[in-house]
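Peer 1: The whole structure should be built from the sequences, with the hints applied where relevant.
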Amino acid sequence: MKRLRSTPLKLSVVLIAVFTGFMTVGLAVAYALMHEALSADIELRADQVIAELATIPESDERLERAGEIARAADPRALLIRFTLDGETVANSPELRDGVVHEDDVPLPEPTIADSYLVRHADLAPGTLMVGIGRDSLSELVETFVSILGFALLPALMLTSAIGIVAVRRTTARVEAIRDTLHRLSEGALDARVGAPHPDTDLGDISRDVDRMAEAQEAATGALRQIGADIAHDLKTPIQRVAVRLERLGDAELPDAARDLLEQAQDETAQIIATFQSLLQIAQLEGGQGRDGFKPVDLGALVRDMAEIYETVAEDGDARLTSAVAGPLSVNGDKHLLSRLIANLLENALRHAPGTDIRLSLAGRTLSVTDGGPGIPVDQRELVLRRLARLEASRSTPGSGLGLAMVKAIADLHGATLTLGDAQPGLVVTVRFPG
Amino acid sequence: MHILVIEDDPTTGDYIASGLRAEGHVVDLIDNGRDGLVQAMTGTYDVMVLDRMVPDIDGMSILRTLRAAKNPTPVILLTALGGVEDRIDGLNAGADDYLVKPFAFGELSARLTALSRRPPPSEEPTVLKARDLEMNLLTRKVTRAGQAIDLQPREFALLEHLLRRKGRVQTRTMLLEGVWDIHFDPQTNVVESHMSRLRTKVDKPFDVTLIETVRGSGYRIAE
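From first to last, the protein sequence lines are chains U and P. Mapping of the first sequence onto the working numbering: position 379 corresponds to residue 379, and the numbering continues sequentially without gaps. Mapping of the second sequence onto the working numbering: position 66 corresponds to residue 500, and the numbering continues sequentially without gaps.
Just so you know, these hints were derived from the structure itself, not from any lab. Just so you know, these numbers come straight off a predicted model, no measurement behind them. It cannot be assumed that every hint is accurate.
Below, a list of computed lysine to aspartate or glutamate pairs in the EDC-like style, where the Cα atoms sit at most 16 Å apart [unchecked claim]: (1) K334/U <-> D291/U; (2) K294/U <-> D619/P; (3) K635/P <-> D619/P; (4) K334/U <-> E646/P; (5) K638/P <-> D566/P; (6) K334/U <-> E519/P; (7) K334/U <-> E611/P; (8) K600/P <-> D641/P; (9) K334/U <-> D378/U; (10) K635/P <-> E594/P; (11) K504/P <-> D480/P; (12) K334/U <-> D411/U.
Peer 2: Here's what the structure looks like:
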């Protein structure tokens with residue numbers, strides 16, 4: 001079906017149809033006109049013979065002239081039969097009026113035409129039958145069949161061939177452009193349509209696509225470098241702070257000071273976690289990690305994660321149940337997928353403490369349902385953004401990156417993330433592509 | 435142990451070196467890639483700590499050169515980058531472990547110990563013991579002071595992990611990676627929660643505590 005959507009193919013088909021239509025109508029009109037002229041000519045010749053005999057006044061002269069005509073006539077062109085006073089001159093038997101075909105003419109075959117126009121006339125005295133051969137009309141049909149065979153069909157074949165070549169060429173280029181755009185959108189920034197770019201509109205577009213891809217790759221590369229530089233430049237001082245805090249812990253400290261120190265260490269750990277998550281989300285959004293994709297048994301992973309988090313849920317007076325309907329193999333990164341599940345479970349444990357939390361895998365859909373306050377419809381988009389935290393949850397701990405990370409991992413796997421209402425509570429579903 | 439540390443940041447380098455020296459190791463600290471590569475290729479070390487971003491020649495190039503020269507010394511990479519691909523790149527280049535900055539000294543120390551004392555795979559024991567506790571790996575039965583202890587599969591795996599590394603501190607992240615195959619930092623107390631269940635069964639009914647908490651570092655079963 002994809003081929004039928006190709007614009008050049010549609011154009012070619014339409015052009016060939018229009019061309020064929022015009023040729024057919026033209027030939028048909030020419031044929032009709034020529035057929036009419038030839039038919040009139042045949043009628044005229046019959047009328048001439050009748051008129052010639054009618055102008056001869058004397059009966060015996062008339063009979064004699066008819067005899068001359070009958071003897072001289074080529075039976076292919078002219079059949080004549082004249083009867084006067086019981087005497088008949090003829091080169092033909094009696095035929096009925098109108099168009100008569102060769103089967104009805106009892107004459108030896110090579111001497112007759114395919115069909116005749118037969119006219120009877122009462123010349124008083126005498127009755128006349130004239131048949132004019134219609135071979136010219138048969139020849140007309142043959143001529144037009146020849147025109148069709150030698151001119152129209154080759155023309156059609158030629159235009160079709162040119163059309164097919166043009167379609168192939170443009171289709172290949174359009175496909176190349178489409179593939180390149182698709183790969184670019186999936187994060188393969190080195191994708192290019194590739195030279196040579198022909199001097200056509202499609203060539204211009206493919207050149208522009210390549211230029212755009214180059215610019216994007218350069219920009220992303222610069223961004224990555226900046227990211228790496230910032231990571232290095234910021235992490236070194238954070239590392240130093242962590243080092244100094246740890247050294248401080250080795251010294252003798254009053255209890256109050258030790259409490260402060262531990263709080264400072266917790267805060268540092270939070271800074272590190274947020275920082276790490278931000279960097280990772282940026283990398284995931286850049287398509288990093290897709291190269292290492294392998295088939296992952298999501299069913300087994302869901303069971304493992306449920307087992308890991310069951311005790312955590314129990315400690316928080318929540319109940320975690322899981323349901324896995326059959327195995328599901330997903331092409332992806334196991335560690336990232338386990339992180340996706342962990343983030344969803346931790347999100348539920350944090351925002352819906354003490355409720356029933358359900359982790360399930362049915363078909364290609366993974367879902368986590370909690371019994372907490374849920375998220376209002378108009379704020380569901382918001383929570384998927386980085387660092388976005390709902391006002392109501394500012395007081396609860398968390399970096400505000402959990403769901404943004406889930407979204408980034410889902411996007412990397414081509415999965416669709418949806419937040420819904422579990423009445424009450426939140427249901428997060430991740431649907432993996434088939 | 436004789437340890438080579440290649441780290442350009444003086445504070446971090448000094449912190450690692452002095453910490454390791456305090457534990458009784460001999461440490462060579464080098465702050466640039468060129469000297470680091472020469473030292474790594476010519477010296478004999480039990481284990482190396484390599485920062486990924488050092489001046490002149492970066493840590494990954496040093497690591498690749500070492501491995502190309504068939505030098506099998508265990509290497510732990512330190513990095514400011516913590517991306518999905520960074521870790522895989524590091525391990526593919528021949529690193530034995532990978533630590534994202536910033537890290538606690540206890541984490542580095544525990545991982546270095548793990549690297550330098552990898553048990554030879556030939557002598558696979560069937561029974562693991564610690565004091566009066568016995569774990570039979572074939573029957574999967576655990577007893578302490580003659581009493582049978584009923585463990586869930588994950589509790590068994592956690593205890594087995596600690597027993598196999600008797601005397602060595604296992605940090606939270608090492609347990610996450612080794613027991614649960616989790617390679618990120620969960621925001622909930624996954625390890626603590628499972629550890630408390632294991633302790634309830636293994637330690638609580640008995641007088642002597644087997645699983646020790648090492649303050650600021652992790653857990654250990656004493657030798």
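Peer 1: Does each hint hold? Answer for all of them.
Peer 2: How the hints compare with the structure:
Taken as a hint, the K334/U and D291/U pair is honoured in the structure, with Cα atoms around 13 Å apart against an allowance of 16 Å. Under the criterion of a C-alpha separation no larger than 16 Å, the hint pairing K294/U with D619/P is inconsistent with the structure, at around 23 Å. Restraint check for K635/P and D619/P: the C-alpha separation of about 26 Å exceeds 16 Å, so the hint is violated. Of the pairs offered as hints, the one joining K334/U and E646/P is violated, with about 32 Å between alpha carbons and a cut-off of 16 Å exceeded.
For the proposed pair K638/P and D566/P, the alpha carbon gap of about 14 Å is at most 16 Å, so the pair holds. For the suggested pair K334/U and E519/P, the alpha carbons sit about 13 Å apart, so the restraint of at most 16 Å is met. Note on K334/U and E611/P: the hinted pairing holds, with a Cα-Cα distance of about 13 Å set against a maximum of 16 Å. A threshold of 16 Å between alpha carbons decides the hint, and for K600/P with D641/P the separation of about 20 Å lies outside it, so the pair is violated.
For the proposed pair K334/U and D378/U, the alpha carbon gap of about 32 Å is over 16 Å, so the pair is violated. Distance restraint check for K635/P and E594/P: the Cα-Cα separation of roughly 14 Å lies within the 16 Å cut-off, and the hinted pair is therefore satisfied. A C-alpha spacing of about 15 Å is found between K504/P and D480/P, which places the hinted pair at or below 16 Å, so the restraint holds. For the hint pairing K334/U with D411/U, the CA-to-CA distance comes to about 15 Å; that is within 16 Å, so the pair holds.
When the structure is compared with the earlier hints, violations turn up for hints 2, 3, 4, 8, 9 and for no others.
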